[in-house]
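Asker: Sequence:
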Amino acid sequence: MKSLRTFAQIYKRIDQHATRYSAVVVVLLFGLFLEAYMHDFNLVYITLFFVFSLAFSAGPIGILNLGHLEASYVRSGRLFAHQEGKVSMQVSNPSSTTSWSITLHHEKTSVQLEPLKGETSTTLQLPVTPKKRGTFIHKNCYLESKYPLSTVRLVMKIHESYEGIVYPEPKGLSLQSFLALEETYYGEEKEFDGLRAYDGSQKLSHIHWA
Numbered sequence: 009m010k011s012l013r014t015f016a017q018i019y020k021r022i023d024q025h026a027t028r029y030s031a032v033v034v035v036l037l038f039g040l041f042l043e044a045y046m047h048d049f050n051l052v053y054i055t056l057f058f059v060f061s062l063a064f065s066a067g068p069i070g071i072l073n074l075g076h077l078e079a080s081y082v083r084s085g086r087l088f089a090h091q092e093g094k095v096s097m098q099v100s101n102p103s104s105t106t107s108w109s110i111t112l113h114h115e116k117t118s119v120q121l122e123p124l125k126g127e128t129s130t131t132l133q134l135p136v137t138p139k140k141r142g143t144f145i146h147k148n149c150y151l152e153s154k155y156p157l158s159t160v161r162l163v164m165k166i167h168e169s170y171e172g173i174v175y176p177e178p179k180g181l182s183l184q185s186f187l188a189l190e191e192t193y194y195g196e197e198k199e200f201d202g203l204r205a206y207d208g209s210q211k212l213s214h215i216h217w218a
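Residue numbering for the sequence shown follows the working numbering, starting at 9 and increasing by one per position.
Hints were generated in silico from the structure; no laboratory data involved.
Treat the hints with care, since some could be wrong.
Each computed EDC-like pair below joins lysine to aspartate or glutamate, with the alpha-carbon atoms no more than 16 Å apart [what the hints assert, rightly or not]:
hint, residue 1, residue 2
1, K154, E122
2, K139, E177
3, K147, E115
4, K179, E92
5, K116, E78
6, K179, E152
7, K165, E115
8, K147, E122
9, K139, E168
10, K116, E92
11, K154, E43
12, K20, E115
13, K147, E168
14, K165, E152
15, K94, E171
16, K165, E43
17, K140, E168
18, K94, E115
19, K140, E78
20, K165, E78
21, K125, E177
22, K140, E177
Distance windows between CB atoms, simulated [unchecked claim]:
hint, residue 1, residue 2, range
23, S104, T27, 23 to 31 Å
24, V35, P156, 54 to 62 Å
25, R86, S169, 46 to 54 Å
26, Y175, E115, 21 to 29 Å
For each residue, glycine too, the CB sits at the ideal point set by N, CA and C.
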């Protein structure tokens, strides 16, 4: 009873969508049924039973493969307007079985997960490019799987959202570019990026003893 209750809870979290391959299975089953009905051939009956069992069991297996997973956003680095950044998400598998063929989606972006073993987690990064500075909200992500067959596309929505701050687009030269323009590696004493080389003419109070 506990297993059935757990499966029922998982089943409610998953949306199932038929794919074009499901139509192929339906046509195949219909053809095998006609063949078995007209010719009464035992091998056709066995094939019909095998195909039907395989297609019927794919749904529950796929639901158990995906339904145990949990996903949540993880605080990552800063985001800047008009520059590509990363939003991190942690996907955990609290069950004892390995989850296969899982993809994290957000709009037109997707990231493929490696096989996620039981009682482990992994962190994925989704690329984002904020259009303006200010408050940034990232939501409507979902996990998708077509395991074990591609006849059904299983989707588990992630209801959590991420809210952060987008900083203004940085302009000007980076520190590395600025240093590359200098004539010497050390720069000048008055500059913030470093100290000039000692040539013997400076006062002892100006010497930086490394």
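Asker: When the structure is checked against the list of hints, which entries are broken? Sort them ascending.
Answerer: Structure breaks hints 5, 6, 8, 9, 11, 12, 16, 17, 19, 21, 24 and 25.
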